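Enquirer: Just so you know, the protein sequences line up as chains A and B, in that order.
Number 199 in our numbering belongs to position 199 of the first sequence; there are no gaps in the numbering.
Number 271 in our numbering belongs to position 271 of the second sequence; there are no gaps in the numbering.
Read the hints as simulated data drawn from the structure, not as lab findings.
Just so you know, these numbers come straight off a predicted model, no measurement behind them.
Where hints are given, some of them may not hold.
Calculated cross-link-like contacts (lysine-lysine; reagent style PhoX-like; alpha-carbon spacing at most 20 Å) [claimed, not checked]: (1) B:K17 x A:K26; (2) A:K233 x B:K7; (3) A:K122 x A:K90; (4) A:K227 x B:K94; (5) A:K328 x B:K233; (6) A:K213 x A:K101; (7) B:K314 x A:K26; (8) A:K232 x B:K328; (9) B:K7 x A:K26.
A few chain A residues that don't get close to chain B, going by computed Cβ distances all over 12 Å [claimed, not checked]: (10) E258; (11) N281; (12) K299.
Yeah, the Cβ is synthetic: ideal placement off N, Cα and C, and Gly gets one too.
There are 2 protein chains.
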Amino acid sequence: MFKKNRKLLIPGPTEVKEEVLLSQAKPMISHRGQEFSSLYRSIIEKLQSILNTKNDVFVLTSSGTGAMEAATRNFIQKKSLHVGGGEFAKRWYKIAQSNGKEADLLEVELGKGVRLKEIKEKLDTGEYDCLFVTHNETSTGVLHPIREIGDLVKNYPDIIYCVDAISSLGGTEIKIEEWGIDVLVSSTQKCLAVPPGLAIAVISEKAFNRAEKVENKGYYFDFLPMKERFDKKGETPATPAISLFYALNCSLDKILKEGVDNRYKRHLEMANIVRNWAENNFGLFAEKEYLSPTLTVVKNTKEIDVSDFIKQLKEEGFIIVNGYGKLKEKTFRIAHMGELTPNEIEELIINMNQILSL
Amino acid sequence: MFKKNRKLLIPGPTEVKEEVLLSQAKPMISHRGQEFSSLYRSIIEKLQSILNTKNDVFVLTSSGTGAMEAATRNFIQKKSLHVGGGEFAKRWYKIAQSNGKEADLLEVELGKGVRLKEIKEKLDTGEYDCLFVTHNETSTGVLHPIREIGDLVKNYPDIIYCVDAISSLGGTEIKIEEWGIDVLVSSTQKCLAVPPGLAIAVISEKAFNRAEKVENKGYYFDFLPMKERFDKKGETPATPAISLFYALNCSLDKILKEGVDNRYKRHLEMANIVRNWAENNFGLFAEKEYLSPTLTVVKNTKEIDVSDFIKQLKEEGFIIVNGYGKLKEKTFRIAHMGELTPNEIEELIINMNQILSL
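One chain only, chain A, in its complex shape:
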């Protein structure tokens, strides 16, 4: 049932190293004891070191979507603006609405980067107190300019700036304090190469001050008790997914050993191989200026049968995915994140060329 030689080149879960997989199999411990506190504190220190941030970091037992919901419930007091072109920006907008929040969606043409001018116009209305931006949009392969947006947001002191870095954290540099990011959410099954089930949230003091004023934050995703419990005891308010904490800890050690800069370089190197191949044979869906270093969306200019192509590639041991939503069959997506290597990407390309007779 589970072929070991199949490589996942999908935007999560990504390939998980044997050592990380096995680390999950350690015996259970109480989540209310010293061993767990030490483990959790150590994970937080490593994440702070990788992200080079002094802000509070939390690990949530949920998918990344859970952390996205947490952000909408903790920080929107008045109204939120959601920016992005693609399915995951839309998802954050829907999450806000489904929680009874006032929210607007500023749509950007699919495949294009966000335009700062449009954000400025919106923020100038004074209607909003939260801005939500998807860093790496895996439905289009666009890496939105969160640094430039952050510079703009610095002019609006009432805005809590929230970034979805679910498929970018660990694959490309993010400077939280410097870029003015108040809230960053992510998950661990993408560039961090851990089995799914954990989300990450990085919260600034300014964001905590907002959370104190917001009502009906719920219980499971309320950041205030998370902070109180961690500061006091190194614990989580509810029972954490202990075996996934083991795995995260193991993977973070590997990331620190590789060195974050080397890791970012490796991701870019893999991206360049795929981009070159796509440009020579198909086309790139995303605007050149905003190409994602962790995932490439290939425009199906040859009008191949994408489903069939993916099926054939799977037989050769490589799993890639069709376009997302409306972009199905019009594009296909190759994720190059986590623990994959440029050599493996070259192998993928040899196989793709063979199947397509290129």
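Go by the hints and put chain B onto chain A.
Expert: Structure of chain B alone, referenced to chain A:
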């Protein structure tokens, strides 16, 4: 760091068998493919078989607290009544309030079973449309009479009857349809002996009809898309904790192999050993009629230093816990759930007797 010979006799996480631990280490698969759908569908069939229910069952990537929150958000339209004596009944009440729901708490004296008359009086006011009951209260060792409460609730067709079976599911019989339980929530790290990180929800058609009318259910814990996605594709709306699904599947196989009736008998046998010891040497905190088969709360009638006793016992390889909240030092708690055996409980007792010179 992780002593293999230490036995967890705490109310979760419980001891996880080597085979289940190792099943987590299988390679990752896409959660949008055939392999995952087959796995999830198979898990649901096994849970329905263990619970002998035809109602819809879902596995959530969260702790049990997440599923408790889901119940409050999906089913309370008017006002909820929370019944129980202990910390976990109170938690459910707080969860409802933190989500902006109107809620009342009917407190029962600690250690006592719920009185049906008091529930009847409350329901007769017509104020409520949801009733929340904690089946097994791990802070007091009381198993509340959810069957009798269910019989009562049958007279109130507008009430959605929700049961927290977090520390009872898999350790004692629950008849969902027969007892009129509309919503049952649980988690997998207790009697099901899986590492923590997954919750279970069992939902009746009547409850789904209510959910359709409730607004602002949020996104991550909304049962309607969970049902739609499962019925259509055997998938979860957000990314699931795949390795924990492997472990749950493996543990359910072991449970079915043991036989659920044998499993319930084994739990009761373990409970009887601990109860006898407690009665002969200390006392039982819970009312005799309502003693829990999965956890015993021992009354510290000898006024021993409980923290010190627990520390000494840990050195011998047995982890038990102090009383919860206000009952700290006044009680101590021995969980006999999951994969533990009567022999292991006998061993614990030998060690407790030695430490206490009994």
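Enquirer: Now tell me, hint by hint, if it's right for this structure.
Expert: Verification of the supplied hints:
For the proposed pair K17 of chain B and K26 of chain A, the alpha carbon gap of about 11 Å is at most 20 Å, so the pair holds. Our distance criterion of 20 Å between C-alpha atoms is broken by K233 of chain A and K7 of chain B, whose separation comes to about 23 Å. A hinted pair counts as satisfied when its Cα atoms are at most 20 Å apart, and K122 of chain A with K90 of chain A qualifies at roughly 17 Å. The straight-line distance between the Cα atoms of K227 of chain A and K94 of chain B is roughly 18 Å, inside the 20 Å bound, and the hint therefore holds.
Taking the CA atoms of K328 of chain A and K233 of chain B, the gap is near 17 Å; set against the 20 Å cutoff, the hint holds. Among the hinted pairs, K213 of chain A with K101 of chain A is consistent with the structure: their alpha-carbon atoms are about 15 Å apart, no more than 20 Å. Annotation: proposed proximity of K314 of chain B to K26 of chain A holds, straight-line Cα distance about 19 Å (limit 20 Å). For the proposed pair K232 of chain A and K328 of chain B, the alpha carbon gap of about 19 Å is at most 20 Å, so the pair holds.
Simply put, K7 of chain B and K26 of chain A have alpha-carbon atoms about 14 Å apart, close enough for the 20 Å limit, and the pair holds. Taking the minimum C-beta to C-beta distance to chain B, about 20 Å, the non-interface status of E258 of chain A holds against the 12 Å cut. Its beta-carbon lying about 25 Å from the closest one in chain B, N281 of chain A satisfies the requirement of being farther than 12 Å from that chain. Its beta-carbon lying about 22 Å from the closest one in chain B, K299 of chain A satisfies the requirement of being farther than 12 Å from that chain.
Figure legend: structure checked against the earlier numbered hints; the only hint not met is number 2.
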